[in-house]
Each structure stands twice: as C-alpha cells, then as structure tokens.
Amino acid sequence: MAGSTPASATASAGVPASGGDRPRVGPWLEAWRRFRKHRLAVVSAVILAILVLGVAFGPLIWTVPIDEIDFSKRLDGPSWEHPMGTDDLGQDLLARILYGGRISLAVGFAAMFVALVVGVLVGAVAGMAGGKTDAALMWLTDLFLSLPQLPLLLLIIYLFRDSLVSVVGPEMGVFILIVVVIGGFNWMQVARLVRAQFFSLREKEFVEAARALGASKTRMVLVHILPNSLGPIIVAATIDIAAAIIAESTLSFLGLGFPPDIPTWGRLLFDAKDNLDFAPHWALFPGLMIFLTVLSINFVGDGLRDAFDPRRVKS
Amino acid sequence: MTQYLIRRLLIAIPSILGISVILFAVLALAPGDPFEELATNPAIPPEVRQNLRASLGLDDPIHVRYFAWLTSMLRGDWGFSFVSRIPVDDLILQRLPTTIAVIGASQVLAICIAIPIGVFAATRPYSIFDQIANTLAFVGFSLPTFFTGLLLILLFSIHLDWLPFVYRTQLDSTGWQWWWDQVRQSIMPVTVLGLFQGAALVRFVRSAVLDVIRLDYVTTARAKGIPESAVTLRHIVRNAMIPVVTLLALQMPAVFGGAIVTEQIFRVPGIGSLLISAVLANDTPVIMAVTFVFACLVILFNLIADILYGWLDPRISYR
Numbered sequence: 001m002a003g004s005t006p007a008s009a010t011a012s013a014g015v016p017a018s019g020g021d022r023p024r025v026g027p028w029l030e031a032w033r034r035f036r037k038h039r040l041a042v043v044s045a046v047i048l049a050i051l052v053l054g055v056a057f058g059p060l061i062w063t064v065p066i067d068e069i070d071f072s073k074r075l076d077g078p079s080w081e082h083p084m085g086t087d088d089l090g091q092d093l094l095a096r097i098l099y100g101g102r103i104s105l106a107v108g109f110a111a112m113f114v115a116l117v118v119g120v121l122v123g124a125v126a127g128m129a130g131g132k133t134d135a136a137l138m139w140l141t142d143l144f145l146s147l148p149q150l151p152l153l154l155l156i157i158y159l160f161r162d163s164l165v166s167v168v169g170p171e172m173g174v175f176i177l178i179v180v181v182i183g184g185f186n187w188m189q190v191a192r193l194v195r196a197q198f199f200s201l202r203e204k205e206f207v208e209a210a211r212a213l214g215a216s217k218t219r220m221v222l223v224h225i226l227p228n229s230l231g232p233i234i235v236a237a238t239i240d241i242a243a244a245i246i247a248e249s250t251l252s253f254l255g256l257g258f259p260p261d262i263p264t265w266g267r268l269l270f271d272a273k274d275n276l277d278f279a280p281h282w283a284l285f286p287g288l289m290i291f292l293t294v295l296s297i298n299f300v301g302d303g304l305r306d307a308f309d310p311r312r313v314k315s
Numbered sequence: 001m002t003q004y005l006i007r008r009l010l011i012a013i014p015s016i017l018g019i020s021v022i023l024f025a026v027l028a029l030a031p032g033d034p035f036e037e038l039a040t041n042p043a044i045p046p047e048v049r050q051n052l053r054a055s056l057g058l059d060d061p062i063h064v065r066y067f068a069w070l071t072s073m074l075r076g077d078w079g080f081s082f083v084s085r086i087p088v089d090d091l092i093l094q095r096l097p098t099t100i101a102v103i104g105a106s107q108v109l110a111i112c113i114a115i116p117i118g119v120f121a122a123t124r125p126y127s128i129f130d131q132i133a134n135t136l137a138f139v140g141f142s143l144p145t146f147f148t149g150l151l152l153i154l155l156f157s158i159h160l161d162w163l164p165f166v167y168r169t170q171l172d173s174t175g176w177q178w179w180w181d182q183v184r185q186s187i188m189p190v191t192v193l194g195l196f197q198g199a200a201l202v203r204f205v206r207s208a209v210l211d212v213i214r215l216d217y218v219t220t221a222r223a224k225g226i227p228e229s230a231v232t233l234r235h236i237v238r239n240a241m242i243p244v245v246t247l248l249a250l251q252m253p254a255v256f257g258g259a260i261v262t263e264q265i266f267r268v269p270g271i272g273s274l275l276i277s278a279v280l281a282n283d284t285p286v287i288m289a290v291t292f293v294f295a296c297l298v299i300l301f302n303l304i305a306d307i308l309y310g311w312l313d314p315r316i317s318y319r
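Going down the list, the sequences are from chains A and B.
Residue numbering for the first sequence follows this note's numbering, starting at 1 and increasing by one per position.
Residue numbering for the second sequence follows this note's numbering, starting at 1 and increasing by one per position.
Simulated from the structure, these hints should not be mistaken for laboratory data.
Hints may be right or wrong, so weigh each one.
[Stated by the list, open to error] Chain A regions said to be covered by chain B (calculated; three or more residues, Cβ under 8 Å):
1) 110 to 117
2) 145 to 157
3) 191 to 199
4) 249 to 262
[To be verified] In the SDA-like style, the derived pairs of lysine to any residue whose C-alpha atoms are separated by at most 25 Å in a straight line are:
5) A/Lys204 <-> A/Lys37
6) A/Lys273 <-> B/Arg168
7) A/Lys132 <-> B/Leu17
8) B/Lys224 <-> B/Trp162
9) A/Lys132 <-> B/Gly18
10) A/Lys273 <-> B/Leu155
11) A/Lys273 <-> A/Ala49
12) A/Lys37 <-> B/Arg168
13) A/Lys273 <-> B/Ser157
14) A/Lys37 <-> A/Ala49
15) A/Lys37 <-> B/Leu17
16) A/Lys273 <-> B/Ile132
17) A/Lys132 <-> B/Arg7
18) A/Lys37 <-> B/Thr135
19) A/Lys37 <-> B/Arg124
20) A/Lys132 <-> B/Leu9
21) A/Lys37 <-> B/Leu9
22) B/Lys224 <-> B/Arg234
23) A/Lys273 <-> B/Gly18
24) A/Lys132 <-> B/Ile13
25) A/Lys132 <-> B/Val21
26) A/Lys132 <-> B/Ile16
27) A/Lys37 <-> A/Glu171
28) A/Lys132 <-> A/Lys204
29) A/Lys273 <-> A/Glu171
30) A/Lys273 <-> B/Asn282
31) A/Lys273 <-> B/Arg184
32) A/Lys273 <-> B/Arg315
33) B/Lys224 <-> B/Ser157
34) A/Lys273 <-> B/Phe165
35) A/Lys37 <-> B/Trp162
The beta carbon of each residue, even a glycine, is placed where N, CA and C say it ideally should be.
Modelling step: build the complete structure from the supplied sequences, incorporating the hints.
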C-alpha cells in the first residue's frame, strides 16, 4: 500500500496517508460506520444484546426454579416476589420466560445456521456451475418457495417426532427435528442471494486474475468470491433468525412444538390463551418477549442492509 | 393472452408434481408401520400380515406406490378420516369455503391498507409520514399472528365486549341480522391476517413505487402538464404494481401459515383448524389431504398472480 512504496516528494513521512478529511478504513469498519447511522438499528442491537445476555445469564441471578408449584399463588399478577406474575400452578413466570428464551433463541440461531449452510451450498453450486445444474437447482429453490411451509412442518413433526424422541430423548429430539425442519424451509432466500452474488462476482477482474494465476475452483470460491458476498448473506441470515423464532413459537403455540414441560415462549402463550380473561399478564409477557426479539432482529437486519449496501444509505 | 395462460398452466404442472413427490417422500420415509398393532397381536400369524401388506401394495417398489398414490389423489379418492369416518374430500369441501373467504377478505384488507400507505410514503420519501409508516410496518410484521390475535381478543372481547371471540358456523339469526353477525365475528380473524400481510406489503409497495418514480416516462408525463394525482395513479402505480404482484404470490405460503394460526385462535371452522385437530388426533389421511390442498392453493394463487401480471404488463403475454 501507500506506506510500502517510497512516498512522492510532496508527501512527508510520518503523516498517515489519508484521503480527504477522514482516515482510510477497511470495509468492515466502514460498514460499522454506516450501521451506526441507523439509530433504530443501534437501539435494537442493544435491546437484542440485553435479551440474549438476559436469557443466557438471567437464570443464574434469578434462581427461582421454573417448576416450583405453589397453589396459594395461582394466577397472581406481577408483584415483587414474582415480577411477571405466576401461572395456574403458581409457577414463577419470569423464571419460565428466561428459560424458554434460551430455547427460543437457540432454535432461532441453530435454524439460521442450518438455513445458511444449505443456502450457501445450493447458491454456490448453482452460481459456479451455471447451465443445467443452475437451472435444476433454481427450479428446486422455486419449488421450495411455493411449498406451504406450516402444514409441511406440522406433517413432518407429526410423522417423525416419536421415533426421533425415542432415539435421543424428548428435549434433544424435538430440538433437532425443529431446527432441521425450520432451517430446511428457510434456505431459499440465501441460495438466491448467493447465486446472484456469484454470478456477478465471478466475472470480476480480481477473480479472473486469480484464475489466471492458476487458483483452483475451491480456492476461488473460498478465498475470493465468498468473502466478498458476505454482506447480503449476513443480512439474509439475520432475517432468518427472526423467521425461525416465529416458526418455532407458532409450532409451540399450536401445541405441537416442544413437550409441555418445556416452557418456550410459544408454549407459554398456548397455556395462557385459555386464561386470558383473568390472567392477561400470563400471555402478555411471553408475547412481548417474542415481539421485542423479532422486532429488534428485523431492525438490526435493516441496519445491516444499509451498512453493507452503500447505495441504500440515506443522503 | 390465451397462449400465455396455457403456457403458465403447463408450467404449474411440474410444480404440482414436485410438491406431490416431496409429500410422498415425507410419508414414505416416515418411520412406523401401519400394521404395527397387528404385529403384537398373537392371534394374527405373520403370514396373514404379509398377505395384507401385499394385497395393499405396501411391498411394491417405491415408484409404483407413488404413481398409485398420485392417481388416486388426482381422482379425488382421498380416503376416509380415521376419526370421523367420512370421506376426506367431503370434510375438506365443507371447510374450504370458510378458509377461502377469510383469506380472501384479509388479502383485500391488506391491499387496501398497503397500496395507499405505500404510495403516499414513497411519493414523500424520508418525510415524517414515511418514517412512521416504515416503523409501523416493521412493528406489524414483527408481531406474530398468534400474539395479535390474543391481543385483539383481550381488548375487543374481554375488556370492551364488542366482538365475539368464537366463530360460529350455525348462527341463529336470519336476514340482515345474520349478515351483521357474520361480519362481527369475521372482523378479528380478518384483521389479524390482513394487518400482518399488509405490513409486509407496505414496504414492497413503497420500494416498487420508489423504483418507478424516477423513470423518464414519469418525468415526461409531468412535463406534459398532467396533474400530479393522475401521474401517480395512472402512470406510476400501475407499473409499480408489477413487482408487487410477484411478491404477493411469494407471500402466499406465509399467509396460509397465518391463516392456520388465526383459524385456531378464533376457532374458525376452516381447513387450517381441521389440520390442527387432525394432527392432534393422529388422523393421517386428513393431514396429507389438507397439506396437499394448501399446496394446490399456493399454486392456484401463483396462477392468479400470473394472470394479473399479464394484465398489468401486456409485454409479458406476448413474449
């Protein structure tokens, strides 16, 4: 770079080479700069961080057990003893929500990871191969986009749950099943994005230069193309987390997700919905948690989109 | 136009076949044996079980089973519900009109919300109105349908006691009162679905209009002295709707998901709640059939979107 070649006569040594009034920064710092301009996204990122830290470390601080039954405290509203009230068995809702949040967020992130792996794989193969392979993979992607996802999710979980549960236990079995199935229905956007990125990037000069230098196909993809298409992939992955959290909550809300003794946020809502008239707090708190999480993830995704796509920045 | 339609119909066939393959694969891969109960029954010798399997074609190669299944699905022979013992297609036909009505009404509501707001926001980009609309749109599609449903019940049925929260098929009233009761009990399910869908749509409409608004032909229209309202309505909106129709069709699977949840919350007797009760009662023929119907509905709505597309953009139908 500028420092390695002898400076011209006018440039004095010691002064960092800077263009205009601001210092040169790498693409990641530049993205962070643009992300900071999206105020709602920054606020959301903070809220999301608090939520994640809260469910990760909250149970260490709020040590009330999630299944301590106390019939003298049934359906109590919020109080100092139970900040979010209690349910119909007198169990503390704050503890249950913190515990459920771990599962809901874990499902969201794990399903996102599954979707990302499948999507990048399909998109990269389609983008590099082109021709018939590309056409076939894109037909498959379009097919998956037009599948009715919720009915299929219900069908698959209904058919496979019992045998998987008998192999790896109720909690882990349902977790794996839900993560794989939700991820398996959310990879299409990522695949399309990756394919589009690959199509435009593989014609660029720097990729051609790498090819001319004898880089293998794998090296071209891993070192040159994939890192340059990370921006849109990260955005799509963020949105996928929100979609996965909603999908998991929907399943649990329908009573078909995790077993009843695991209080995920959707499950809490499912249990609460028949007591809406005398214990609204029971439904409101888990619902608000889902809403806050999803909303902040969506805003962070929007901020990231601005950050990674300079054309979208508001002037 | 006719040729275009025929082409679209032909393209839909591989999609239906693809979906049927996926459905069948899920069913075929699923563990569990329909004759499991017989296996543990000492009164039935294994040979009888083998003969039963063979007579029902369970031991045939997988492609033979697939074609047998597909032809009977296409002929409308969907088997009997395990629970109610009536043919599955009767069960679905009873319930389908309600689902279509609720989804249709909510789509109309979503479009009525999204197009005016989206167009208004896009013609004044980054104004206060635009920012509020954008934020509300984010709130709208971050609120899961099951939570909005519960919130509406809490507010309008429990606190204000304005609307019934259980949807009833058999209303006692007649005449105008019947229509009024029908509207009253449909308001909440339709609103829940419509708001969710409308919130996503607002952003599509806004960005589509923003893309069109800076094109040269819009400037030309303005330069000719056409009033701004006419430019917006006739020149901008019609062309901006083209990508919106595609996105609307892409949203259909999510809408059906929302419809299942909404039907479950408000106990609307549609195919969504049929699906849930079938899953809870292990009623496999009904689950399979409802999933297949949902898949066909998605394809049907895609076809409708294609027709709209051809009408909005006549160039497409001549290609």
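- Message: Run the distance test for A/Lys132 versus B/Leu9: straight-line Cα separation, threshold 25 Å.
- Response: Distance of about 23 Å is within 25 Å: holds.
- Confirm or reject the coverage of the region 145 to 157 of chain A by chain B under the rule of 3 or more residues with a beta carbon closer than 8 Å to the chain's beta carbons. holds (count 11)
- If you draw a straight line from the CA of A/Lys37 to the CA of B/Trp162, is it 25 Å or shorter? 44 Å, violated
- 8 Å C-beta criterion, at least three residues: is the region 191 to 199 of chain A covered by chain B: It is violated: at least three residues are needed, and the region 191 to 199 of chain A offers just 0 whose Cβ sits closer than 8 Å to chain B.
- Message: Please verify whether A/Lys132 and B/Gly18 have alpha carbons no more than 25 Å apart.
- Response: Between A/Lys132 and B/Gly18 the Cα gap is close to 18 Å, so the pair holds against 25 Å.
- If you draw a straight line from the CA of B/Lys224 to the CA of B/Trp162, is it 25 Å or shorter? 52 Å, violated
- Message: For a C-alpha distance cap of 25 Å, please report whether A/Lys37 and B/Arg168 respect it.
- Response: Measuring from Cα to Cα gives roughly 51 Å; hence the hint is violated.
- Task: Starting from A/Lys273, check that the Cα of B/Arg315 is at most 25 Å away, please.
- Result: Since the Cα atoms of A/Lys273 and B/Arg315 sit roughly 51 Å apart, the hinted pair is violated (cutoff 25 Å).
- Assess, step by step, whether the Cα of A/Lys273 is no farther than 25 Å from the Cα of B/Arg184, and give holds or violated. Given pair A/Lys273, B/Arg184 holds - Cα atoms ~21 Å apart, limit 25 Å.
- Query: Under a C-beta cut-off of less than 8 Å, do 3 or more residues of the region 110 to 117 of chain A approach chain B closely enough to confirm the stated coverage?
  - Reply: violated (count 0)
- State whether the coverage of the region 249 to 262 of chain A by chain B holds or is violated, taking the criterion as 3 or more residues with Cβ-Cβ distances under 8 Å. Holds, because 6 residues of the region 249 to 262 of chain A bring their Cβ atoms closer than 8 Å to Cβ atoms of chain B.
- Measure nothing beyond the straight line between the CA atoms of A/Lys37 and A/Ala49; if it is 25 Å or shorter, mark the hint as holding. The given pair, whose Cα atoms are some 18 Å apart, holds under the 25 Å limit.
In the structure shown, a violation is registered for the earlier hints numbered 1, 3, 5, 8, 11, 12, 15, 16, 21, 23, 27, 32, 33 and 35, in ascending order.
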